[in-house]
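Participant: Single-letter residue listing:
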Amino acid sequence: MRSRSRLFSLFAVLGLVVAACGGGTTAEPEAPAEAEAPAGTAAGDGDVTTIGFWVAFSDEARLGFTKEKAAEFNAKYPEYNIEVTSFASYNDVFDAAVLAVDSGEPPGIIHFFEAATRQALDAVGADGQPIFKSVTEAIGGRDKILDEPVVLDSVVDAARNYYTVDGSFYSMPWNTSSAIMFSNTDMLEAAGVMEVPSTWAEVEAACEKVMAMPNAPAGCITWPNHSWFVEQSLGQQGELLANNDNGRSGRATEVYLTSDGMLDYVSWWKGLADKGYYTYTGVQRDWDGTANAFLAQEVAMLIYSSSDTTFLTNSGKEAGFDVQASFMPYNGEKEYVGNLIGGATLWLLNGMDKKAEDGALAFMNFFSNPENAAEWHRITGYIPITKDAEALLQSEGWYDESPNSKVASDQLAAAQNTPASLGALLGNFVAIRDIITIAIEDILVNDLDVAERMAQANVEANKSLAEYEALFGG
Amino acid sequence: MLISALVAAAAFGAAFFAKTPRHRKPRRVAVGAAVGLAAAAVVPGVMGPCGFAAEASQVDHVLFFGLMLTASWLALIVVRMIYDRADGAAPETASMTGEIRSGGFRTKPWVPWLLLSPTLLILVVFLYTPAVQTFTLATKLARLGAPNSIDVCLGNFSELLVADPVRVVAYPLVAVAAVYATSWWRRATSRETVSHRLAEVASTFAVLGIFVALYAVFSPGGDGQVAYRPVYVTTLIITVGTVATGMVGGLAIAYLAFRNIRGGGVYRTLLIWPYAISPTVAGILFFMIFDPTAGIFQYLAEAWFGIDVPNYRENAVLAQAAIILASGWKILGYNILFYLAGLQNVPTSQVEAAVIDGASVWQRFTKIVLPALSPITFFLLVTNLTYAFFEIYATIDFMTKGAPAGKTSVAIYEIIRVGVNNGDLGRGAAQSVLLFIAVIGVTLWQFRTSGERVTYGGAG
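Same order as they appear, the protein sequences are chains A and B.
So in the working numbering, spot 376 of the first sequence is number 376, and the numbers just go up one at a time.
So in the working numbering, spot 204 of the second sequence is number 204, and the numbers just go up one at a time.
FYI, nobody ran anything at the bench for these hints, they're computed from the structure.
Treat each hint with caution, since some may be false.
Straight-line distance between alpha carbons at most 35 Å, and here's what the computed DSBU-like set of lysine-lysine pairs gives [what the hints assert, rightly or not]:
(1) A/Lys-317 <-> B/Lys-401
(2) A/Lys-76 <-> A/Lys-144
(3) B/Lys-108 <-> A/Lys-275
(4) A/Lys-463 <-> B/Lys-401
Computed list of chain B residues with no C-beta within reach of chain A, every gap over 10 Å [unchecked claim]:
(5) Val-42
(6) Ile-150
(7) Pro-292
(8) Phe-305
(9) Val-355
No experiment lies behind these values; they were computed from the predicted model shown.
All C-beta atoms in this analysis are idealised placements derived from N, C-alpha and C, irrespective of residue type, glycine included.
Based on the sequences and whatever the hints tell you, model everything.
Facilitator: In structure tokens:
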């Protein structure tokens, strides 16, 4: 008996150790990046100001770029140390930042996404002070901070207008994209489709031909079931998602998930799925699965974020087919109003001292100076965020070399500047997006009535928004 | 309404002590009533009588009253234990491991507390305080970064249930009463009689009745209620599936690997490996295997058998089966480990005797090996259930993200979706309290029922 219980406890301890090793490493955010400032300067000058920069990227390309630029900045300004920390998601960054503010060790800059703009504006710490400070206000009309020229005025209109709230440009745009379509032109041409389709009807016509091929692929078109694409379509159709001009002339207090534009779009989507043209990967917000389906030539067309233009174009070439980027298909029966942006901005934390704040501002402007913004665009496909960066790329002949990279910028430039095409500012937007995504999955998978299911989602979304307004609007 | 609730709690307290020796009865009953009243009063004392407020729904009333009665009940149990101890009738706390309970500290009474204090401190800081905060949070509408929060009393709970107070009360009560009645019947009848067998069958059904009652109590959605019934059903399917796969598979493989085969040690070591893998990695592995675009399974099925396997994420049954397979496989190594250890302790003399008596392999397995393994099976049942409740989040997140349409969204996945991803702290906390209660309930039930049937071999 004795030996048995000892054996048991041995196994139990073993089990705990293995469990700790196995599970422990997954949830932890990546450890703070080593301070990459030259060690000599840090040691020689005791006055180094450390500014935390928390980003929601963890992949080599994008996080690598960030760390590289931070190191360059630190080398240029030895009195500053920009410390990059990587998190798994935007929400993680935000939650950690709010908690860090309350515990007294906040970062200087955080990376937060467009749909949560309202949430960021509304956020306050335990002391009731706003968590973030307007970048425009902090710059205060200066055109140079430290040695960095201010690039805020050069930011392209679509991004500027999106992030301008109550007349103030609040956060510094960084990764900005739009939804565009990528086509496997080899496959389309084989099916006899010579022009990449641009309207819903043309997509259907093209799909009919593609699926009629003897060696037809598994499906014709796919895109992630992400509310962002729904919002893009509403923008194209000039339809509002929320009241008070999409929450831009006053706080949004009502969402419209049963508008004609919404029902038309979801019905079109469901129609494509019913005919077997649209391939649903079965997972919400499935960026990887949809891109893989396109690259494996299981579909001919992919509606996606322009953020991966470079990757998709090159990967297609490697897989042996030509990829052509084009505007996101729109409802040809309505006037085209405009697509909106997506992506994220850099938010300046409130309550830093003057030196730290200037360091943070200088870094933001350095980070998006024409050279850096152009490089960022080239390696990813996010749009060049400033007009100067666009001009630089133009002069370098980049667009002639890779025409796909210009599509997103062109699409955003073609948009009318209306509340519908700007996109909504909305409380609880993440939860409301979730409600939309779930409803659409329900419709696609369980073959439900579009109007009925969206009406149900509308009730849920409005309840969610009302609760948010009760907490924040007061 | 509050006063009648308090009176009811006092009556409950009095009734609780009604079955005491006659000579002490009046005092005990009075104490019971007082304790019942006081403990019940703590609830509105701490939260305010919000459950009975005018704007609260009838389900809120019911839940609030239930909470008050639960507080009374817990306090009364403690008081009864104190009484029992004072009476010298030390309660039978049968030791699980069969260790000798004599001895004890021959020191001052505070010494054990001093020795325990580091552990207690850590528990208080990292376990009890967050637990209490979760309970508080569960009664609020709250978000991180919000300037204020709103008290919603038990609204976060009542919105998960059907909006009919009668059903909320009646179904669970009937089910619990049935469990008690059938177990009483089982005890009242003598073994090996027809009525005893009937009682055994009936008590099994009564336990299943609890799950049916809960199904009826959770809201299917609509009317401003949250659709929690689908989450409940999904959790039930995936939990039962995972535990069954993991334990049956674990025992079967352990039984095979335990035989004297060449290189048995290597097999046995390799078989334990899946346990060293985190749920995340298990999710990624099975994602890679079953992925409809890039998966090896799809490729082989098509190449070898010409079968076009449908996308498992679009089909509820396939998706649930895939999750069960992945999470069952992940816990398999753990179960094998314990069963291998257990099999070493199966008394060989009994097995040999059975062989001589001409018992078949199957008979030896069911009549000797299984009963000898029952303590391990019982232990594994508890740990496997805990695993299935809490640790398969990452597996689901990688394989299906709750698809299709929430058919693989189990309770823990839902908690993280609501509380973390959507930032709705109050609802997330409320759902985790619900899971907490479920785990306590399941564990209590296991200790009561399985405990009766577990044999601890030569413990004595």
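Participant: Checking against the hints above, which ones are violated?
Facilitator: 3, 6, 7
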